[in-house]
Structure formats: structure tokens, C-alpha cells
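Undergrad: Residue numbers (the numbering used here), protein chains in the order written: chain P, -18 to 540; chain Y, 2 to 212.
By construction, these hints were calculated from the structure, which means they are not laboratory data.
Remember, it's a predicted structure, so these values are computed and weren't measured experimentally.
Backbone N, C-alpha and C define an ideal beta-carbon position, used for all residues, glycine too.
A couple of the hints might just be wrong.
Sample of chain P residues lacking proximity to chain Y, with all beta carbon distances greater than 12 Å (derived) [stated by the list, open to error]:
hint	residue
1	Pro7
2	Phe107
3	Tyr224
4	Ser276
5	Thr332
Derived EDC-like pairs (lysine to aspartate or glutamate); straight-line CA-CA distance at most 16 Å [what the hints assert, rightly or not]:
hint	chain 1	residue 1	chain 2	residue 2
6	P	Lys183	Y	Glu12
7	P	Lys183	P	Glu514
8	Y	Lys16	Y	Glu182
9	P	Lys183	Y	Asp13
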Amino acid sequence: MTEQSRHREDIEAGDLFADVPPPPPPDYLRDGRGIRSWLLTTDHKRIALMFYAVIVAMLALGGIFALLLRTELLTPDQTIMTAPVYNRMFTLHGVTMVFLFMIPSIPATFGNFVLPIMLGAKDLAFPRLNLASFYVYLLGTGVTLAAMVWGGVDTGWTFYPPYSTSTESSVFPVVVGIFIVGVSSMMTAINFIVTTHTLRAKGMNWFRLPLFVWAMYATSVIILLATPVIGLSLGLVGADRLYHFGIFDARFGGDPVLFQHLFWFYSHPAVYIMILPAMGVISELVSTFSRKPPSSYDAIAMSSLGIAFVGFFGWGHHMFVAGMSELDAGIFGGLSMFVAIFSAIKVFTWTATLYRGRVAFNTPMLYFFWFLFLFTFGGMTGVAVATQSLDVHWHDTYFVVAHFHFIMVGGTITAFLGAAHYWFPKMFGRLYSERMGLLTSVSVFFGFLFTFVPQFLLGNAGMPRRYYSYPARFQWLNVVSTGGAYLLAGALLLTLINLLCALKWGRRAGPNPWGSHGYEWMTRAIPIKHNFETPPVITRGPYDYHLPEEMPHVDPQAR
Amino acid sequence: MSTRRLAEQFEDLAKQDHAARLAMWIFLASEILLFAALFALYTSYRAMYPDEFARAAAHNNLAIGTINTFILITSSATVALALWAVRGGLQRLAGWLLIFSIGCGLLFLVLKGVEYGQHFRAGIYPGAGYRSAELTGQGVVLFFTLYFLITGLHAFHVVVGLAVLCWMTAGSLRGRFGPDEHVRFELGTLYWHLVDIVWIFVWPLLYLLHR
Ligand code: HEM
Ligand SMILES: [Cu+2]
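Same shape as in the complex, but just chain P (with noise of 0.2 Å):
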């Protein structure tokens, strides 16, 4: 594998196709030095890795927080913090995961890194806004933190009126700070929609886009149209604070059920911005590691787009229980329902790609299978709380925790880390150690199912989310879930030691380490600024594993 990989660097060193061999540039980890060349660099895989450092950072942050919530649930009453601070621990910990890592996690990152190579573009169409998109999400990030830690707040990551615009704490500057957060997105989204229009190498029609590609561009379609929407119901939830705007106080004959559906119209759309790009991970990765190509491409890409669509319909499930009629239930879980189709065939499609495939047993592939066991399980505990009868017994117990956490966790979380492993080659040109990482991965499993089954157990036995306290008889399986929150922790600080210290001590990988035909990697082993010596010219898919490897996806003579 690494003889042969050598092999085609040196093939590609060698420049046999110019005339004079010109220097080989310095790949992009080189291409300038010192910290100015970093800050103000407007080379998407350079910001790719500082998001990268920041949401690694975030995530940390926000596991810290879920730890000590599990402490304080070790025992039935008090055990480490009062309950004041319960409320804002579990506000610490929503808020942080879900608007400074999940959202941007996979898009910022591995997209910003890939996409442009996968498109065959030099760089992304507006890299002076990539460049200004991370100050932004620093800026919002900082604003949001601090003003959680300093002023504190209580509502949770939903800030739900009447409480929110009546409790003390500092509700306002962590709304500005996500709104500012919100618009890094939206930068993100503009640019990777309009590179993918505009940048599309020579030969690349949209039917040779890679799945991941495909993901991205329907997810940023989404944060594009959910975005402004909470943006502007979480500023007049903010601007209460300044002056009492009352649009959703009952006083004023507003209705705070309103604010739930603007919230729920973004926050639901918002839920597949976290998975879909999580979904495009995986369709990678079982390509890659089954040497096939997906068994329906068409089946994956236009389910994204599915997803995308119907996505903007579901958002009355999560108000069932807030006053609404029978039919608006039956049709609201009814559509929701529709977006656990569109999963399904991905989930179907995915597993079919297996089917006679050559299966590689390596740490991103532990990752997919993991994906696909927990995100199949969540969608259909999905399934089962979007049933209105059903859901009455549910809502905002541990049920619903579990079910969204084996989603966001099982799904994203593990996509993230497939993904973390499958592109560290490529980031850093070097390997991991697959022996950790193997090990690694399937303490995060074990790790992630202690922690969660019970509270699925827990939720349907009764124990309502949010609270810091619970009767006696809920406590064995709040220590389970415990001990699993310390096994999932240890596991992914072990992860995060083992890719740091390969980035160090690792072998030396080739530019194509899995034997991958994905065009991202037919650059050299790290990729130089531009990412391609010539502008490449696609003639093949990205998936065409019936062709020979060594047949070039570019025609390097083409300029």
C-alpha cells in the first residue's frame, strides 16, 4: 500500500509531462510562514484548519459542560450545583453545542478543506469572505461564551418566551452573539453556493459533483433560508430586554406559542444542517472503504434536496403538546414522517453499497458503521415522537434527549470524528495510528450507548428534562447514563491525543492512502496553495471504481 502510494508520489514529483521540470511549490502547510501568514491567509484549507482548532475547542467547551451535568445527576438531590446553576449548565451546554460547534462543525472544516479541491477549484469563489466568516464566528463565539459565563443564562438553547423575556439573566448578548454566529454561517453558505456554480472544473457536470459536494450545497441552501428567520425571532426576543417590544406577551395579546413556530420553523430546518453534511461524510466514506461506487448516486443527491424541502414543513412536532389541533398534528407528524423516508433511502442506499463491496475494516469505516446503526435508531424514535398521541406521553421527557443526542451524536458526532480520521492524510500528510484509532472508536460507541439507552429508558419511565433533581428510583440509570458520559469523554480525548500526536510522530502518507478515487485526492500528498500544479480536467466520476486506479482523473496535458 505505502510502496505503491510512494510510488505515485514520485510520478507526480517527477513532473513527467512538462518539458523543464519547474521547483515543485511548497504544499500549503509551507507556503508562508509564521503566524501573520496564518491570520491573514485567504487559502480555504488554512482557514479550514483554524475553524477546525476553534470547534474542536467548542466541543471540548461543551463536553465539559455536559460532565458536570452528569455529575450533578449522579444522586436524586443535590450533588454538586445548586439548581440555578442546573439551568444555566444545561443552557451552557445546548447553546454551546449546537450554534459554536454543530452547526459550522462539518462545513467549516472538512467542507472548507474539500470543497474546492473536490470541485477542482483553486480556492473558493470569495476567500476574502471565508477569511472574514472566521473573525465573524470568533467575534459571535466570544460575544456568546461571555456573555453566558459572565451574565448567564437560564432558558435553554429554545429560549422560549414568556421566560425569556422575564428571566434576569443576560438573554440578550448571547442572542446578538448567535445572531453574529448566524452570519458567519450565512457566509459560509453564499460561498460555498456560489462556488459551486461558478467554479466547477473543466469536464465537472453536475452529475460528477461528489455526494459530499451535494451535501454541502443543499445544506447551505438551507441556513440560507432558516437563518434570517431566527435571527430576527431571537433579536425581538433579545430587543425585550432594551424595550418591551411585548410582540409575543400575552399582556400585549401576543401569543408566545408564535415565537415557537418561528423558532421551530428555523431550529427544525436547522436540525438537518447539523446531519445533512454528516450524511454527505458517510456517503464518502462508504465509497471509499467498500471500493464501489454508491448503489444509487441519483438516490443520494436528490434525497439531500428532498430532505432540504421537506425539512421546512415538520416544525409543528415540536409543539404538540402546546395547544394545537388534531388535524394540524396529524399533518405535521405526517410530514415529518416524509423527511424519515428520504433517510431512509440514504440509510438503504448506504448499506446496498456494502453489498459486494471489498469492505476495508479502518477507523473511518468503524465511524460509518457506527453512523448507521445510531442515526437509523434515532430517526425512528423521530418517527415515534412525531405521532401525536404517542408524543403526549414523551415531550420534554429524557425521551426526547435521547432520541435528538443519538442523532446529533450518533450521527454528526460520529460523521465528524469518520471524517477527522478520513481526511487526516490528506489535511496533514501524515497517518494516524489506526491501531489507537480503531480502539478509540469503539470506546466512543460503547461510550455514547451507555450513555444514551438509558435515557431512553428514563424518559419513558417519566423523568422530565431539565431538572437537577429526580426521585430515588431513577437513580440507577442516571448513574449508568453517567459512567457511559466519562466513557465517551475518555474516549474522545484519547482520539484527540492520537490524531495530535500523529500529526507529529505519524507515518508519512502517499497522496492517496485509502486508494480513494474521489478527486480530492489526485492532488500531491499535502496539497500546494492552489491546490493543482494545471487547472485539472475531470473526465471520469468520482466513484468509477470499475476503472483501473492508476488511469489519471485529470488529463494533465489539458490546459
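Start from chain P and add chain Y with the ligands according to the hints.
TA: This is chain Y with the ligands only, laid out in the frame that chain P set:
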């Protein structure tokens, strides 16, 4: 011969222009969605309080609202003419047309201020500050809260639009645009048209729909 710089990631200027236009259109669409959230609130509350909304809307100064509509449409027309002038190489003319548009925009804001003043004197404030004794009812208060939020957000966009127009004016008078150097100019005009389009929806909602 164009003097414009081609950014290195683009093949040619045509693609680069296409990208810039596409990005601007997407941005404008998202701006519309910002207002759409307010319009959705308006629609819901109107459905809840139809009579009170009608009473409140009838109280608004139709004359000012209508004159303002004409002012904005006129300014949009002169902005469009300015683009035509720039394309034809008539930069000074474009500059003067823009100055006229800026004047219209300022006049719009002045009239809006006059109208706000009338409301305040009648005790009509948004939300908690509302204290009119003649015009009462929860739906009425909600209407005026939305009125101030929508027109306020719109006025904010007018101010931003005016800043953009000033930048374009300075550029035209200094001859920075030209027949093959007008894409940024064009994008600026698009922003002003957005301000105009939004108002076309605001006007009937707040001034006309009470009969
Ligand atoms: C497969 C289709 C899905 C269906 C039918 C579905 C259905 C539902 C329903 C009905 C609820 C409300 C439960 C309640 O509050 O009583 C809910 C909550 C939630 N779901 Fe899903 N869901 C699906 C997929 C997803 C995905 C993909 C994500 C995230 C990536 C997600 C994240 C969430 C979150 C965050 C909540 C709880 C929000 C809160 O109240 O804090 N769901 N889901
Ligand atoms: Cu939902």
C-alpha cells in the same frame, strides 16, 4: 481593454462577474427572508385581530405613506438610469442621478420621522410604551408594535442603502466606474432596489389594507 483585476481562482472575468451577481442575489433573498419573518407575524396577528388591525391601519397617515412610496420608486428609477449611464460611459451624469436618488432617500426618512412624531404625539408607541386613550385594544397595540418594527428595520436598510449610494456617487464622480467596470455599481443598485421592493410590500400592509 479591461483594467480590472481577475482574481486568481476564476478562469475569466465573465465567470467572476457571474459569481459576484449570484452572491448578491442570494444575499438579497436572505434579506427578504428577514422581513418575511415580520410579515409572518403580521399575518398571524391580523388573523387573530382583524377588526383592530383595520382600525389601527386606518389611523396611519395615508398621504405620507403614499408620497413616500412615490419618492422611493422615483429614486429607484433614477438609480436604474444611473446604471444605464455608467454602462454608456456617462459617469458624471450617473453621479448626478445618484445625488438625486440620495435626496429622495433623505426626504423619505424625513417624512418617516414626521410620521413617527405624529404617532408619538398621539401617544402611539410600540409595546409597553403605548398610551393612546382614543385608540385602544390589544390588536391595535400589536399592530403599532409591528408597524414600528417593520418600518424601523426598513429605515435601517434605507440608511445602509444611502451609504452604498454615497460610495457609488463618489466613485462615479471620480470616474472609477465605466462601461466595463460596472459590476460593483450594478450590485449597489440592486441593494437599493431591495429597499424599494420591501417597501412595496410594507405600504399596503400598513396603510391600505383596512377597507
Ligand atoms: C428522521 C426524522 C425525524 C423526525 C420524524 C423527528 C421528530 C422529532 C420530534 C417529533 C421531536 C419533538 C419531540 C418533543 O419535543 O416532544 C423531535 C425533537 C428533536 N429532534 Fe428530531 N426528528 C427527526 C430527525 C432529527 C434529526 C436529524 C435531528 C438532528 C440532527 C433531530 C434533532 C432533534 C432535536 C434537537 C429535538 C429536540 C429539540 C428540543 O426540544 O430541545 N431530529 N424530533
Ligand atoms: Cu424537529
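Undergrad: All the hints need checking, so say for each whether the structure fits it.
TA: Going down the list of hints, with the structure as the test:
1. Pro7: 17 Å, holds
2. Phe107: Incorrect as stated: the minimum Cβ-Cβ distance to chain Y is 7 Å, not above 12 Å.
3. Tyr224: 7 Å, violated
4. Ser276: It holds; Ser276 (chain P) is separated from chain Y by about 33 Å at its closest Cβ, greater than 12 Å.
5. Thr332: Non-interface label stands for Thr332 (chain P): nearest chain Y Cβ at 36 Å, farther than 12 Å.
6. P:Lys183 with Y:Glu12: 10 Å, holds
7. P:Lys183 with P:Glu514: 15 Å, holds
8. Y:Lys16 with Y:Glu182: 14 Å, holds
9. P:Lys183 with Y:Asp13: At roughly 13 Å apart (the allowed maximum being 16 Å), Asp13 (chain Y) and Lys183 (chain P) satisfy the hint.
Hints 2 and 3 from the list above are not met by this structure, while the remaining hints are.
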